[in-house]
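Asks: All residue numbers for the sequence shown refer to our numbering, where the first residue is 706 and numbers rise by one.
By construction, these hints were calculated from the structure, which means they are not laboratory data.
Model, not experiment: these values are computed from the prediction.
Do not rely on the hints blindly, as some may be mistaken.
Unchecked claim - Now the in silico label distances, taken between C-beta atoms and shown as ranges:
1) Lys811 / Val832: 16 to 24 Å
2) Pro856 / Lys827: 46 to 54 Å
3) Leu801 / Gln766: 40 to 48 Å
4) Asn780 / Asp833: 13 to 21 Å
5) Gln852 / Lys811: 37 to 45 Å
6) Asp779 / Ile839: 19 to 27 Å
7) Arg732 / Val790: 17 to 25 Å
A virtual CB, placed ideally from N, CA and C, is assigned to each residue, including glycine.
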Amino acid sequence: MAGGELTHEMEVNVAAPKAWELYGTLRLSEMVRQELSHILSGVEVVEGDGGVGTIIKLTFQSGMSYKELFTKVDNEKFHKETETVEGGFLDLGFSLYRVTFDIFEKGSDACNIKTTIQYQVKEDSTVDTSIVSIGPLAAVAEAAKKQLTSP
């Protein structure tokens, strides 16, 4: 099986716990819905409260949608993992599409937000993996930075 990983990392001038208040909760979904309406036409919480087992449905302006499941939420290590469980890349021939968010402290008033995409393609798939892009998640990080640092 073919697979790969893409990563985006940026520094934000806020304390790691403040960034986690956004990334570690459903507030991130709300922020995405508001700030990135040009990319996403909808973000719906299907089930859950933001912890492990939460399922959200993301619908893009193109009409493509998928559901993702929160598989890990570690409030001490500021780490969250989600996996696509329906639609999206799975419909295109991928067997795994996972997004990981990590917040790393860089002192009392700065942190790094690291976003990672991991993917695997089914053995019999002919999908072109170049369609996987960190761009939309980099846009999420930029919007988060803007919201976190605005007065």
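Asks: I want to verify a distance hint. Is the separation of the beta carbons of Arg732 and Val790 within 17 to 25 Å?
Replies: Holds, at about 22 Å.
Asks: Okay, Lys811 versus Val832 on CB: inside 16 to 24 Å?
Replies: 37 Å, violated
Asks: For the pair Asn780 and Asp833, does the Cβ-Cβ distance stay inside 13 to 21 Å?
Replies: 38 Å, violated
Asks: Look at the Cβ atoms of Pro856 and Lys827 and judge whether their distance stays inside 46 to 54 Å.
Replies: 48 Å, holds
Asks: Should the hint that Asp779 and Ile839 are 19 to 27 Å apart at their CB atoms be regarded as holding?
Replies: Hint holds: Cβ distance 22 Å, inside 19 to 27 Å.
Asks: Assuming the hint says 40 to 48 Å, is it satisfied by the Cβ distance from Leu801 to Gln766 or not?
Replies: 25 Å, violated
Asks: Holds or violated: 37 to 45 Å for the Cβ distance of Gln852 and Lys811?
Replies: 19 Å, violated
Checked against the numbered hints given earlier, this structure breaks hints 1, 3, 4, 5; the rest are met.
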